[in-house]
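**Q** The residues making up each chain are set out below.
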Amino acid sequence: MKLLTHNMLACHIKGVQNGFPFKIEAEKVEVQEADFEPDFLQHIFPRIQWAALCEAAAAMGVEGLPAEATEEMLEDDAFMKKFHHALLEVHLQEGALVCPETGRKFPVSAGIPNLLLTEDEC
Amino acid sequence: MARERGGFCRPRGPQPTRHLLLGNVGPTPDAAALADLLAPFNGGHPPHITLPGGALGRTHCFASLSSPEAAAAAKAALHCACCASLGGRPLSLSFAEQRDDAPSDGASASDAPVVAVRTAAECGIPGLALLPGFVSAAEEAALLAEADAASHWQPLARRRVLHFGHVFDYETRGVGEPLHSIPPAARALADRIQGLPAAPAIDQLTVNEYAPGVGISPHVETHSAFTGAIVALSLGGTAAMSFRREGHTPRALFLPPRSLLIMAGEARYAWQHSVPQRKTDLVSPDGGAGEAEAVPRAPRRVSLTFRQVRGFPCDCSFPAYCDSQLAPLAPTRLALARMALKAPEGGVAAAAAGREGPAAEQQQQQGRQEEQQQAQQHSDGDDAVLAAAAAADPALDRQLAALEAQHVHAVYNAIAPHFASTRFAVWPRVRAFLEGLSPGALIADVGCGNGKYFGVRPDVFVLGSDRSEGLALVAARRLAPRPAGKGLRADVAVADGMALPHRPGCCDGVLCIAVLHHIASPARRLALLRQLLRVLRPGGRALVTVWATQQENMRKAAAAARTAARSGGAASLQQQQQQVQQPPPPSAAAASASQQQQQQQPQPLSPTPPSAAPAVDAAKGTVVFRRYYHLFAQGELDALVGQLGPQAALVDSFYDRDNWCCVYERVR
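Protein sequence lines, in the order shown, are assigned to chains A and B. Heads up, the first sequence is in UniProt numbering, so the first residue is 1 and it goes up one at a time. Heads up, the second sequence is in UniProt numbering, so the first residue is 1 and it goes up one at a time.
What you were told as hints is all true, and nothing was included just to trick you.
Covered stretches of chain A (in silico footprint by chain B; criterion: 3 or more residues with CB under 8 Å from a CB of chain B, positions within the stretch not fixed):
#	stretch
1	4-14
2	31-38
3	111-118
A few chain B residues that don't get close to chain A, going by computed Cβ distances all over 10 Å:
#	residue
4	Cys9
5	Pro16
6	Gln98
7	Gly236
8	Glu246
9	Val295
10	Gly642
11	Pro646
Some but not every residue of chain A turned toward chain B, in silico, with C-beta under 8 Å:
#	residue
12	Met1
13	Phe20
14	His43
15	Ile44
16	Arg47
17	Leu88
18	Cys122
Simulated from the structure, these hints should not be mistaken for lab results. None of the values given here were measured: they were computed from a predicted structure. Don't be surprised by glycine CBs; every beta carbon is placed ideally from N, CA and C.
With the sequences and hints as input, model every part of the structure.
**A** In structure tokens:
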């Protein structure tokens with residue numbers, strides 16, 4: 001699971017108001033090299049919740065992301081490399097996504113988060 | 001071969017012929033019963049039945065009907081059906097051509113025997129090796145004696161087999177639990193073979209005994225079942241083994257007794273091998289010069305195939321032929337027959353099917369030709385009843401969810417590998433929708449299946465989700481970094497479309513392809529559309545496709561039904577259509593139970609009119625699955641989108657390849 005995916009997920013248990021972002025419990029993190037394409041990053045940047053990405057990256061042991069990011073920084077190659085790395089190359093292989101409101105843990109196994117709810121959570 | 005087959009041969013093309021090969025009609029085919037069975041399709045006249053000459057124990061015969069249309073109607077109605085007057089066996093019908101009817105420009109290319117060469121080097125297939133005289137005559141005798149002494153020979157239609165180590169299941173193409181350990185002489189030989197370079201760690205042995213003239217259909221040893229090289233020792237008689245691969249000239253290799261054949265790499269993973277059914281092989285002379293000689297096959301040939309059972313998915317470099325890597329292998333004929341027949345407990349049918357083994361191996365080759373249909377036989381209809389009941393009783397909603405769990409989720413989990421391997425083609429309309437999104441778009445693919453829409457556009461990100469963990473695992477394999485996977489800009493989650501875990505308003509696009517029709521009530525379908533809307537950003541668009549009542553396949557079925565009606569045998573086909581439209585009982589539980597019963601009971605055929613064998617797909621002569629679905633009528637999907645209220649705007653609505661499709665946009 002990439003951190004871009006983490007950025008797209010929120011706890012969906014019925015009644016939960018503040019289900020974003022999931023906290024990450026990382027047991028196994030893998031880095032898988034991906035093609036660096038600044039164009040893709042520039043396009044996707046406006047769609048990213050930056051604070052959530054920073055928090056997730058820290059939980060995965062990735063350092064060097066600035067606490068805030070602006071469009072101007074997209075011209076900075078060093079920043080873009082870090083952004084790319086955090087967003088697409090760092091994978092949560094084993095661990096859990098934890099709802100910030102209820103503490104409910106959704107397991108991540110073989111890189112696949114299981115977000116199925118139980119009957120009384122729907 | 002013409003003599004052997006009673007003057008009939010395989011047709012040269014896919015067009016129907018007026019002759020049918022009737023298979024699995026028993027050790028002594030009952031010509032009168034067969035003629036009666038076919039008469040309704042032949043304008044009421046019993047067709048001429050030709051019994052094959054030669055040895056007793058033939059399980060097939062031929063029927064000559066008045067026209068190809070009559071034969072096609074009979075085939076559509078009776079293929080895979082079981083008939084009480086013929087002992088309840090599942091019939092197999094295929095078109096045949098009379099030798100005299102066949103065009104006179106000679107046998108088709110596949111019939112023309114290839115002259116077998118004597119060395120693997122002359123064959124020129126990478127990974128193929130032949131070691132003549134690998135065992136002595138004394139060892140040969142000991143190995144044969146050991147095999148003959150075994151008590152667990154398994155009879156197949158034309159040959160018998162013996163499995164040591166793990167048992168190969170001809171229905172699933174998988175290996176079962178280890179049963180009989182490899183006996184001493186064979187084990188000693190296996191240990192010797194393991195000393196060869198690149199040999200597998202042998203833990204499975206299959207002994208095949210072929211009577212003279214008997215062969216084995218083209219197949220590739222199932223990638224996911226066995227790892228590494230396949231090693232086969234020939235004992236007793238000789239055979240010419242044929243090899244073929246698309247885009248390559250076919251070739252054949254002569255296998256003398258006591259020779260060891262090794263298939264590794266390309267030879268093992270990409271080439272089909274077979275032993276043609278014939279009593280004499282054409283073999284190039286020793287040394288290569290001069291006329292080919294005809295080598296008669298000896299009384300029996302016994303082959304010992306040594307393999308290593310694979311405990312993990314295959315990652316060979318021939319993905320197009322690899323079931324572990326999504327290559328389309330058809331369900332085996334056995335699997336289809338069993339689904340068609342499924343007795344309430346499955347036990348009886350399973351035992352009967354077990355004797356039909358060898359056909360399974362053919363399927364691998366045939367299946368690649370055609371997208372296999374997982375015919376869907378569940379249906380519903382009376383939505384109004386369900387909707388009213390659901391409104392009155394919230395508990396019913398849970399029942400409906402349970403119905404989906406049993407007849408959608410569980411089925412997809414069970415069939416995930418095969419299902420995934422049959423779903424490749426990127427629909428042009430889906431591609432067009434994706435191409436309409438802006439670069440850097442975030443896309444939710446709800447019900448992503450095997451993830452075939454990942455990577456259609458490299459400049460967007462797709463988060464696929466599926467309710468089936470099995471399919472999610474298959475889809476995730478596409479994400480692995482190169483070279484194994486494609487390193488796509490995508491991810492996979494296990495999630496229910498009815499409760500999407502996406503951050504509300506985060507998606508620029510949503511795909512929901514062939515999912516909504518599996519939802520069991522209008523209210524729940526609307527709820528799913530709401531979920532899609534919830535995760536879209538304002539201005540974001542969703543593409544939803546559902547199966548339509550207007551099926552092109554059904555139009556074909558209808559055409560066949562008209563043909564059949566003219567010859568007096570329309571019942572089964574019409575019944576098939578009716579089945580799709582038939583309203584279910586109002587309670588979901590009852591619907592499930594009654595459908596299941598209908599699907600699972602073997603339905604004996606009476607000669608006139610033939611009743612439906614419900615799991616048979618009339619159009620294709622294939623069978624079977626019990627997934628729940630609801631077919632959408634024209635306008636039904638649009639109306640459902642309309643119920644989303646002012647938050648959603650219908651942007652586009654169209655029919656494409658048996659599906660109703662619509663695009664709707666989140667207005668704000």
